[in-house]
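Protein chains: 2
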Amino acid sequence: MFNNFNQLSVAAAALLFAIGGQNFAAGAETPEQTAAMLAQRASANSGAMEILNSLTTEIGPRLAGSDAEKNAAAWARQRFEKLGFDKVWVEKFPLAHGWVRGEENAEIISPSPQPLVVCALGSSVATPPGGIEAEVALFKTYDELLAMPTNSLTGKIAVVTQPMVRAQDGSGYSALNKIRTAGPGEAARRGAVAYLLRSLGTDSHRLPHTGATHYPEDAPPIPAAALSVPDAEQLDRLAALGRPVRVRLRLTPHDLGPVTSQNVIAELTGREIPDELVLLGAHLDSWDLGTGAIDDGAGVAIVMAAANMIRELPKRPRRTVRVVLFGSEECGLLGGKAYAEAHQTELSHYVVVAEPDFGQGPVYRFQTGVANPEEPSLKRIRAALAPLGVIPGDNNSGGESDVGPLAKLHVPTVTLELDGTDYFDFHHTPDDTFDKIKPERINQSTAAYVVFTYLAAELDGDYRKPVALRTK
Amino acid sequence: MFNNFNQLSVAAAALLFAIGGQNFAAGAETPEQTAAMLAQRASANSGAMEILNSLTTEIGPRLAGSDAEKNAAAWARQRFEKLGFDKVWVEKFPLAHGWVRGEENAEIISPSPQPLVVCALGSSVATPPGGIEAEVALFKTYDELLAMPTNSLTGKIAVVTQPMVRAQDGSGYSALNKIRTAGPGEAARRGAVAYLLRSLGTDSHRLPHTGATHYPEDAPPIPAAALSVPDAEQLDRLAALGRPVRVRLRLTPHDLGPVTSQNVIAELTGREIPDELVLLGAHLDSWDLGTGAIDDGAGVAIVMAAANMIRELPKRPRRTVRVVLFGSEECGLLGGKAYAEAHQTELSHYVVVAEPDFGQGPVYRFQTGVANPEEPSLKRIRAALAPLGVIPGDNNSGGESDVGPLAKLHVPTVTLELDGTDYFDFHHTPDDTFDKIKPERINQSTAAYVVFTYLAAELDGDYRKPVALRTK
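Residue numbers (the working numbering), protein chains in the order written: chain P, 1 to 472; chain S, 1 to 472.
In case anyone wonders, no lab produced these hints; they're calculated from the structure. Treat the hints with caution; some may be incorrect.
Identical chains share a label here; the pair holds if one copy fits it or two copies do between them.
Claimed, not checked - Cut-off 20 Å, straight-line C-alpha distance, at most; resulting in silico cross-link-like pairs (EDC-like, lysine to aspartate or glutamate):
hint, residue 1, residue 2
1, K92, D67
2, K438, E233
3, K438, D236
4, K315, D275
5, K436, D236
6, K140, D435
7, K436, D422
8, K436, E233
9, K408, D462
Looking at chain P on its own, in the form it has when it is part of the complex (with noise of 0.2 Å):
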């Protein structure tokens, strides 16, 4: 697939050269001709290589409320600052809980006495400290666990492990990532001790995908953790020799309590109406097991990139924009949260927000979330998009994380979607990592989004809902 977006790519750029680089040349460009230069120049060197390499390099992981998040934030708001952007600043934002992970072991006591591969679940609890020791109920599925009555755990480690499908769009993800953020709940309703699921991912190495899970109310908070995949099938094979399985689990995570966290915030002042606003968002933090590249270094540096490529114009386009790049994400979308919490007297003045988080790409379809996905100018950012193998979408779009928020208080989103197939492969583990990334593959991605993001501030064009407008 990759290389038929490679070549793809080359005749792309061919071909924008062609229509855009001359007439550039000659300072009579159109929009559409600028948008070509830069996707020409995005394609060949866009930058974003050189930002996620400093970020997790000099950074690496970057847990929601640690000091690395705020040594992220200081780094962000540096490069901002040096690369001359219009306004810089920071907003913080406080956090009922910082988490911090500990010890994590597991072992097969019987009847094959093995070590298993696991991280604790962001939030979870820590078991006793020597562990705790019990037989294992396994499920295959997550509805086999769900049909089981109250008590009839008791005592029991619960484990799921129900396989995740390999998906383009993250469907596969969707649709079971509530065994991971309810799973412990359920499992803890019915008495389970401590709770296992076969990691969210569609890898098959001995890395285990964390993850933030949530305790309902209603039940007591039982320690929670991902197998490597591996270590689930292993499991299934053992279970399936009929005999009692038991499992010793030990983790020693611990909460920090009340933390601070915070957005960085940068804008390029748009020329002609500076009050009207195309966002960009990316976050971050990042687990804790990686250096979080693809999640969501890449997002950081395909936004980064993209606005500093439309910084160095020699006119800001019409309309302001504004780069967020949101704290603590991963731990339940704090950072957007806060954000549409804080800024909630300017919601009219969105045009349109855009964010990056599933990956280095390629993008390969543009979805809008707007009042009329008709109207001419995103007519004109479709056909613009075109070249780079970007397909049209439907009007479904909700915001990618942390401008979901935003998104529900009706703010118009697009969503330029990021092929998401070997996504799942390293998401939330520890081979999240610098070496994942593939030059063609993250220059691709910050051609569309600089694409859109030039031609979204500089054409007329009004993508508000009639809701939004009303909060005007």
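Take the given structure of chain P and dock chain S to it, following the hints.
This is chain S only, laid out in the frame that chain P set:
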């Protein structure tokens, strides 16, 4: 590549059926027809998958000298006895040092605090309980380390980040494995307080590759560990920024002192010349991180399944087929050396010995290490292997791992060369697990082994070297 192999294999099975199927029923088959029938059966279902599933699931990891290795030996003995092999026995031998992994942590202290994924090398000494913190001296190649003068690394942690080349025949590994086996000693001679190497592996996962190291007499033993490939690349990038890099390493392995290990031996007694031996070896022990599916569970499964298919024939071959499942290969070929020592008086009885210890295959080349590679029965064996996609090799076989000590005593060997293109993606990592095994690959390997073994035991042909004959 494996697609081509699959097509070939289907074609071969059809051809073999045409050659072997009918006459076998008539009871007048030639040795080639019997071999073709065995190849056809093995290609369809050799039984190797079931054996390997059982070993890796029910026993799991089986470190040299451990209880798990003893459980694996009991498992193998029971299997051979239950199948009805003519003789089954166990030969114990002492290990001067049992070694057990402990905790292992590493982290960058400055300039960018972040964790590193490492594993102790086999037989590494421990760090002090609080770990060792020191500045890193990073070498992009091993030769750069060797070029350093005595005491030039005093107080430093020496790090070698030389990458390994992917090669079908394993030459990428053999060219570099001194970095692991001899590197700690070379670093200690120059004053280093600890040693890290980029894992000898061809993957890009956060899974380090362990393996044995050997401390020389003339230098202090220093703690030695492997970095995962992405972690080594992270250190390369940080070092390139030009600021000193400080790392903390903590390892808590320990030496158990003297323990015992064992070789498990099973025979099919030859019907005409029982004191002439065709020996198949493989090793039962594995490293502790994975479940030893490719190293060397696959070899165990291939030789057990191949020998068992010969056992199922209406009559035994003319010569004796002996299977030896060696113990304690990973810590220095101790089972192979103990066997060669204990069987010195029967060296002249070995017609030929062979061992698969390079993963699941397929077998792609037939290499000999015999007095006369043009001996007529060897030509017949090569012809019988050709339909499986096995090409002729040279006469430089030195015997794979455990049978190496016999080869050094001039016993004739062959190597059915296994395709190791992806072997070092998994070798000595937590990822060496059953899910990596593909039935079509291990069945082809077993088919090649059963064809070779049956014909070597049935046909006339003396492969022995003049030197081996003299020890008669």
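| query | Given identical chains, is K408 near D462, meaning Cα to Cα at most 20 Å, within a copy, between copies, both, or neither? | reply | Intra 18 Å, inter 82 Å, cutoff 20 Å: intra-copy only.
| message | With identical chains, the pair K436 and D422 could be close in the same copy or across copies; at 20 Å between alpha carbons, which is it: within, between, both, or neither? | response | This pair counts as both: shortest intra-copy Cα distance 10 Å, inter-copy 18 Å.
| message | I want to check one pair: K140 and D435. Are their C-alpha atoms no more than 20 Å apart within a copy, between two copies, both, or neither? | response | Classified as between; 17 Å across copies, 34 Å inside a copy.
| field | Within, between, both or neither, where K436 and E233 count as close if Cα-Cα is 20 Å or less | value | Between copies, since 12 Å is at most 20 Å while 25 Å is not.
| query | How would you label the pair K315, D275 (within, between, both, or neither) given a Cα cut-off of 20 Å? | reply | within (17 Å within a copy, 91 Å between copies)
| task | Go through the copies and call it for K438 and D236: within, between, both or neither, with a Cα cutoff of 20 Å. | result | between (35 Å within a copy, 18 Å between copies)
| From the Cα coordinates, with 20 Å as the cut-off, is the pair K436 and D236 best called within, between, both, or neither? | Classified as between; 16 Å across copies, 30 Å inside a copy.
| request: At 20 Å max between alpha carbons, let me know whether K92 reaches D67 within a copy, between copies, both or neither. | output: within (14 Å within a copy, 55 Å between copies)
| message | Cα distance capped at 20 Å. Does K438 pair with E233 within a copy, between copies, both, or neither? | response | Between copies, since 15 Å is at most 20 Å while 31 Å is not.
The earlier numbered hints are all upheld by this structure, with none contradicted.
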